[in-house]
Every structure is written in C-alpha cells, then in structure tokens.
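Each protein sequence line maps, in turn, to chains C and P.
Letter by letter, the first sequence follows residues 2 to 460 in my numbering.
Letter by letter, the second sequence follows residues 4 to 310 in my numbering.
Watch out, some of these pointers could steer you wrong.
Ranges between beta-carbon positions, derived for each pair [unchecked claim]: (1) C:421 / P:286: 51 to 57 Å; (2) P:145 / C:17: 31 to 37 Å; (3) P:100 / C:81: 45 to 51 Å; (4) C:298 / P:276: 24 to 30 Å; (5) C:5 / P:263: 31 to 37 Å; (6) P:64 / C:75: 28 to 34 Å; (7) P:285 / C:133: 52 to 58 Å; (8) P:147 / C:70: 34 to 40 Å; (9) P:64 / C:81: 50 to 56 Å; (10) C:70 / P:285: 50 to 56 Å.
These stretches of chain P come out as covered by chain C in the derived footprint (C-beta under 8 Å, 3 or more residues) [what the hints assert, rightly or not]: (11) 103–117; (12) 187–194; (13) 200–212; (14) 223–231.
For the record, the hints were derived by calculation from the structure and aren't laboratory data.
Positions of the beta carbon are idealized from the N, C-alpha and C atoms, including for glycine.
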Amino acid sequence: MGYKTLLSGQIFTFDSVKEVLAKANEEKSGDILAGVAAKSGLERIAAKEVLSQMTLEELRQNPAVPYEEDEVTRLNQDSINESIYSSIKGWTVSDLREWLMEYTTTEEDIRRVSKALTAEMVAAVAKLMTNLDLVYAASKIRVPAHCNTTIGLRGTLSTRLQPNHTTDNVEGITASLFEGLSYGCGDALIGLNPSGDTVASLTEILKRFDEVKNRFEIPTQICVLGHITTQLEAVKRGAPADMIFQSIAGSQKGNEAFGFTTDHIREAMELLRRHGTGTGPNVMYFETGQGSELSSDAHYGADQVTMEARCYAYAREFKPFMVNTVVGFIGPEYLYDSRQVIRAGLEDHFMGKLSGIPMGCDCCYTNHMLAEQNDIENLAMLLGAAGANYILGVPTSDDVMLNYQTNAYHDAAAIREILGLRPIREFDLWLEKMGISENGKLTGRAGDPTIFLEKGGRG
Amino acid sequence: MLDAKTIDAIAEEIIAKMRAGESAPAPAAPSQPRRDAAVPAQPPASRPQGGIAQGEMEDITSAAHKAVPTLRDPADYDALIRMKGRTSARIGVGRCGPRVLTQTMLTLRADHALARDAVFTDVDPAFLEKNGLFSVQTNCADKNTHITRPDLGRQLSGEAVKTIGEKCQKNPDVQIIVSDGLSSKAIEANVENALPAIVEGLRSRGLSVGTPFFIRFGRVAAEDAVAELLGAKVVCILIGERPGLGTAESMSAYICYDAKVGQPEARRTVVSNIHKGGISSVEAGAYIAELIKKIYDAKASGVELKQ
Numbered sequence: 002m003g004y005k006t007l008l009s010g011q012i013f014t015f016d017s018v019k020e021v022l023a024k025a026n027e028e029k030s031g032d033i034l035a036g037v038a039a040k041s042g043l044e045r046i047a048a049k050e051v052l053s054q055m056t057l058e059e060l061r062q063n064p065a066v067p068y069e070e071d072e073v074t075r076l077n078q079d080s081i082n083e084s085i086y087s088s089i090k091g092w093t094v095s096d097l098r099e100w101l102m103e104y105t106t107t108e109e110d111i112r113r114v115s116k117a118l119t120a121e122m123v124a125a126v127a128k129l130m131t132n133l134d135l136v137y138a139a140s141k142i143r144v145p146a147h148c149n150t151t152i153g154l155r156g157t158l159s160t161r162l163q164p165n166h167t168t169d170n171v172e173g174i175t176a177s178l179f180e181g182l183s184y185g186c187g188d189a190l191i192g193l194n195p196s197g198d199t200v201a202s203l204t205e206i207l208k209r210f211d212e213v214k215n216r217f218e219i220p221t222q223i224c225v226l227g228h229i230t231t232q233l234e235a236v237k238r239g240a241p242a243d244m245i246f247q248s249i250a251g252s253q254k255g256n257e258a259f260g261f262t263t264d265h266i267r268e269a270m271e272l273l274r275r276h277g278t279g280t281g282p283n284v285m286y287f288e289t290g291q292g293s294e295l296s297s298d299a300h301y302g303a304d305q306v307t308m309e310a311r312c313y314a315y316a317r318e319f320k321p322f323m324v325n326t327v328v329g330f331i332g333p334e335y336l337y338d339s340r341q342v343i344r345a346g347l348e349d350h351f352m353g354k355l356s357g358i359p360m361g362c363d364c365c366y367t368n369h370m371l372a373e374q375n376d377i378e379n380l381a382m383l384l385g386a387a388g389a390n391y392i393l394g395v396p397t398s399d400d401v402m403l404n405y406q407t408n409a410y411h412d413a414a415a416i417r418e419i420l421g422l423r424p425i426r427e428f429d430l431w432l433e434k435m436g437i438s439e440n441g442k443l444t445g446r447a448g449d450p451t452i453f454l455e456k457g458g459r460g
Numbered sequence: 004m005l006d007a008k009t010i011d012a013i014a015e016e017i018i019a020k021m022r023a024g025e026s027a028p029a030p031a032a033p034s035q036p037r038r039d040a041a042v043p044a045q046p047p048a049s050r051p052q053g054g055i056a057q058g059e060m061e062d063i064t065s066a067a068h069k070a071v072p073t074l075r076d077p078a079d080y081d082a083l084i085r086m087k088g089r090t091s092a093r094i095g096v097g098r099c100g101p102r103v104l105t106q107t108m109l110t111l112r113a114d115h116a117l118a119r120d121a122v123f124t125d126v127d128p129a130f131l132e133k134n135g136l137f138s139v140q141t142n143c144a145d146k147n148t149h150i151t152r153p154d155l156g157r158q159l160s161g162e163a164v165k166t167i168g169e170k171c172q173k174n175p176d177v178q179i180i181v182s183d184g185l186s187s188k189a190i191e192a193n194v195e196n197a198l199p200a201i202v203e204g205l206r207s208r209g210l211s212v213g214t215p216f217f218i219r220f221g222r223v224a225a226e227d228a229v230a231e232l233l234g235a236k237v238v239c240i241l242i243g244e245r246p247g248l249g250t251a252e253s254m255s256a257y258i259c260y261d262a263k264v265g266q267p268e269a270r271r272t273v274v275s276n277i278h279k280g281g282i283s284s285v286e287a288g289a290y291i292a293e294l295i296k297k298i299y300d301a302k303a304s305g306v307e308l309k310q
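Can you build the whole structure from these sequences, using the hints too?
Structure follows, in structure tokens:
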C-alpha cells in the first residue's frame, strides 16, 4: 500500500514502509550511493511526516528483509515480548519519540518497552530525532554488562585500549599497551586488531595480554580481534581469552559476507563458558558500522540506519559485553563528512541503547573523508554526555596499523574531567594504586609507559 | 611506514647522540615536576630554543624527529627509547594536563594535512607530460564524485573511450595504466621510477607493451574496461592507495589476466606498499615485470594463479 502527504503545496507519495524509512533518513552519502535517499530536502521532511504518523504495528509487519528469507529478521521478530507489544502497537512513531523525552518516562519504563521494539521501530524513531534528542534520550538509558568487571554504570566512561602494531610485534604492542595504561585507558578492554589473522599470532598476543593483566592485577578484559574462526581455534588450543569478537551485519547475507554464521557465535559462547578466562555472563564483542551491508550488497534496498538498527537487534540475542560502532572507518562513499559521521555516531549509540545493548563508539575517520581530529573530539564529547559505555584510545589518535584516526589515549581523561565522569570503580582504584591518577585526575607519573618496567614488566 | 630496521637504526643513533652529550637538557615541564631530585633525569631531546639553530631546520614530520620522545622526565629513558624503537605508534609523547603537547599536536596535524592533500589534489599535469602519459577521465566529473561514487570511478567516460581508441596500440600483450586513485602523491613519488622499469622488464622478456596513459579519478576496476577496450591479454594499473598518517605515498599495482568488466576482485594479483619505507619504486618495477611475465605464461592471475 502507498503513503501520501501534502507539504508546502506539493503532494509526496511513497510506495512502501521501506521507502518511507529510507527517505526519512538524514542525508548520508551511502543512501545516495544505494539510490534510496530522498531526492530533495522537502521530500525528506515529507517522509519524516509520514513516518511520524505510522504505527509501531505497521513497522513490525514490514521488516526491511522478509522473515522467510532472513535469520536476523526471524531472531528479532521471535524475541519480541508480545504482552508489552500489544500495549504499544497502536503508538505512532511520533508517540514513541515524545514518550522517550517525557520527564515521567523512567529508565525502567524504557527498558521494558525496549523488549517490544523491532529494529525498524528503533530506526524509525531515530529518524525523527535531532542530535540533541539523540543525546538526551540515550542519556536516560544505561546498559551495563559484566565480564570480569562491570562497565556502563552511570557516572562512568570507559575506554577500549587499542595498541595495534603494523607487524604484530608483541614487544611493540606491549610498549603501546603500557603507554595507554599510563593514561588511564583500558577499563573496558585491552583489544588488538591483528595485522595477521593466524592462530599462532593471536595466541602469542593473547598470552602477553593475559600476562600483563595478571602481573599488574588489572581489572579489565582482553581480546584479540581476529576472525571468529581463528579465535575459536586459538581458544581451543588453550589461548587465554575473556571475550570473542566478530563484525556483524543487519542481514543474514551480510553476516555470510563476513564469513560466519550464528552457529559460530553460539559455539564461541559455549567455548568461553567452559574454557574462557572471563567470568561472564557477557562474553561477546561485536563491531558494526553504517554502510557495511551496502558494501556487501546485502542491504535489500533499505537505508543504512535501518540496517544498522538490525545489527543491534541481532547482537542483543547474544547478550554481548560490548558493541562498538566503528562509525567513520568505512569512508566517504557511506558517510561523506564530519556532519554525517557525527550524526551517525549519535544515531548508532542511541539505537544501541534503546535496543538494550552495551553500546560504545569508535569515534573515527579516514583520511579520504572530509573530517578531522576536531570533529572526532566533538563526537567523543557528545557521546560522553550521552552516556556511551566507552570510546577508544590509541597512541596520539593515530592507528598505525589500520591507517585511520580515533581518540587519543589522552582524550578520555579530559572528557571524564569535563563531564564529571570516572573510569569504572575497580579500575579507578587500580589507577590510584599504580600512582597514575588521584581523585580522578592524572598524576605526575601518568603518561610514562616505563613505570611498568620498574614494577617488573618486560621492556 | 617505517620498517623495524629503520626505527632501530634511528633509535640507536639517538641514544648514541644522547650519550655523547650532544643535546642540552630541556627545562622541566611545569606540569610534571621531577619525581626524585636525587636521581638526575636522562636529558630529554632538546629542540632548538628560539627558532632555527645554526642554520639547521628541523622537520617535525621527519622520522628522525618522531623517534625522539617528548615525554619529560620518564622513569627509564633508555627503556623508553627501546620501546619507541619497537613500534611506529606515537608513544612516549608526554602531555600537558590531559592533553597532548603542542609539538605532538602539530606533527599529527601536519601528517594529516599531507594525507588529505594527497587525496584531494590532482596529479600535476607537468608530471604526466614529463613521463609521456596522456590523460583521460572516468565518469566522475570531479573529486567529490570520485570519493563518493566508486561505481563511476570504474567506468571510462565516452571521451576517454574515444581518446584511448585513437592513441593506443591495440591487442598488446600487456597494457599498463596509471591512476590517481586515492593518492596523487603516490603517483608523483613512484611512477617515474616504476613505469620505465616495468616497461623495460617486459620488453626484455619479449612481451609487447601497449601505450601507457593516465586515468584521472580512477578506481582499480577501471583497468577491466581498458583491457576489454584494447584487447590486452594482461592489464596492470598503478594506483594511489588511501593514505595513512605513516605515509601518503603508497602505491599499488593490480594485475589481471584477461580482465572482464564485473569480474570478481579475487582475479587480481596485487603488489602493495610501494613507497620509500616499503618496497622502493625501482625494486617494485622490476618485480612487477617479472610477475606479469609469470601471469602471462600461466594465463591466470589472482587466486587462479596461486592454485
């Protein structure tokens, strides 16, 4: 059935829910590349107006990918709490937006309604929100998770310490790791993207991370982000791992393009339950980013915000410890400039939290985008205010292996201080014990990676 | 990207200089008072005070500059030098409060500016002329279209098809193309050495080489359209890679036997990392010629070549 609206004397028509969702999106180069974006500014607002009057029931009945064809849709639809759903299915998307903003709507209320939201509903409401709306609504929702420690509690901002190295040299990685720890980074995760995806290399790095974590009694988690099949093999052969990582997409076809199936994830959870070094119950680490479905032609004519929301619907089935939108890594053909990447970061974080997953963001950009360090610092500040579980930290913001830039090791300390946030409690105490911070501020020793050598670390 | 050997060599040189007392101690940072006055700190590398010292100008983007830690008063200076020697990551940089030092910030911004310029500026027409390359364009009308529409960057414009038809030798054994891709600086830094080395290497192996030319706003798969148009058995595109902050001058060669528009990417054989700190352009040229001959003889490239 079609949709019609009159706006400023013009009649706009849309053929499907999918078309309304796509055209209601804020401008993104990826939607233009996919040929699904609004053709004019006015058509965009017409689509938003139609969407605002659409009921949640209509969105549920029109998933972006058909139930019969797609596992992500099936997992999402089959996990909906029908009793809560029946009480909200008559709401329009506008109702949902205004309800989220109301003073009387509590965190518990949102958590409850979240159980009845499909990805398309989550995406729809994000499309009716301004940037400040996205920050405000997200700031109401905390989604903590526990592996060895608990991240995501109110008042905290954590970091993933990412000590990547061009050739996976374990001493070079350790040098970068010590530098990051000395700035108070790493309370969410010590996590490396390997340059080579071999069992031997993953195992060697995991062993070093495990050794450092134990020697210095660091309350955190470790992970090396190889392909899921490589990580499974490494853990089976005895490599220490608190978590297992995988990049995910919003459709089964997209996940197949990443070279894994849901069975791999279930196998990873079971393996970690029996042989992992983490306590759990949350042991999975997922990464996402708007545009990845289009890049593997697995978007089914849907826009990239809707497909991204479907990643979160998929992720929540596996109760992950962290989900990370690597927002600006994909390039300008999907997110053209700083305006689009900041918008996407705020959308992703909000949609993740509304979906009920422990969301953080790699606030990043590549050198062929029209964005720079200033923009990414803006995004990190906004996400700190929005209550993101974590941001990233790399040496001086330059990732020498992945050839992109994200937040510097320095940034979290500044953002925490400005916004009155702390690392998680046990990590904060550890930083004080190590003499790196005092009452939430870096001490004179902070920023010196060699302090770990004095204490018996290998240099 | 600096290789580990280069980094080690620089690190050793710096330590040697320190030992020889060539550097004067820098003033203690106000934000980081010395922790233990009884233990004299290793002298941090000094920067010339008040501008250029003795006519010697220091480049803050140079490898030598980056190898010197700017962290003031580390607990173990020698260890810090060793640690820096083991990674090209920007560690040992120090801080002012929770922010990076001015010099660190400026070096980073300079490296980013270099990378951005490599993407957003064009290859100098004089450079193309000097290297005997005529220029055609893809269906991208401008730079913005180029970075946002990879699909159009794989298609030759109507005018390009006409020009190539007029100027190029048909049915060569090998057709070489040069394209800006995502770094014009990569082309300007490497093509002058690499291209003649490839052409020479192929001719000496008895292969006919078509007329090389330049494609503006090109993507890798533009080579498929060229191969079809000219009936080349093997096609090789020399193209600028997306710049990192380590280097903005990295070029790759994508080589394909019997290339067809719309073919899978796995049919290409790739030689990447061609730049000063990786494979040198001369070395790369000789290697690519040898590889193309192998592909020509095997009548296969990419994954098919490996099998």
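CB of residue 147 (chain P) to CB of residue 70 (chain C), is that within 34 to 40 Å?
holds, 36 Å
Regarding residue 421 (chain C) and residue 286 (chain P), is the given constraint of 51 to 57 Å on their beta-carbon distance met?
holds, 56 Å
Counting residues of the segment 187–194 of chain P whose CB is closer than 8 Å to a CB in chain C, do you get three or more?
Violated - the segment 187–194 of chain P has 0 residues with a Cβ nearer than 8 Å to chain C, which falls short of three.
Is 45 to 51 Å respected by the C-beta to C-beta distance linking residue 100 (chain P) and residue 81 (chain C)?
holds, 49 Å
Residue 64 (chain P) versus residue 75 (chain C) beta-carbon gap, inside 28 to 34 Å or not
violated, 53 Å
Coverage criterion applied to the segment 103–117 of chain P (partner chain C; beta-carbon cut 8 Å; 3 residues):
holds (count 6)
Residue 64 (chain P) paired with residue 81 (chain C), Cβ distance criterion 50 to 56 Å:
Holds, at about 55 Å.
Closer than 8 Å Cβ to Cβ for three or more residues is the test here. Does the segment 200–212 of chain P pass it with chain C?
Not satisfied, violated; 0 residues make the cut.
Quick check: does the Cβ-Cβ distance between residue 298 (chain C) and residue 276 (chain P) fall within 24 to 30 Å?
Roughly 29 Å apart at Cβ, these two residues keep to the hinted range, so it holds.
The hint says 31 to 37 Å between residue 5 (chain C) and residue 263 (chain P); measuring C-beta to C-beta, is that right?
Roughly 45 Å apart at Cβ, these two residues miss the hinted range, so it is violated.
Is 31 to 37 Å a correct range for the gap between the Cβ atoms of residue 145 (chain P) and residue 17 (chain C)?
Hint holds: Cβ distance 33 Å, inside 31 to 37 Å.
Do three or more residues from the segment 223–231 of chain P put their C-beta atoms closer than 8 Å to C-beta atoms of chain C?
With 0 residues in contact (Cβ-Cβ under 8 Å with chain C), the coverage given for the segment 223–231 of chain P is violated.
When each numbered hint is compared with the structure, violations occur for hints 5, 6, 12, 13, 14.
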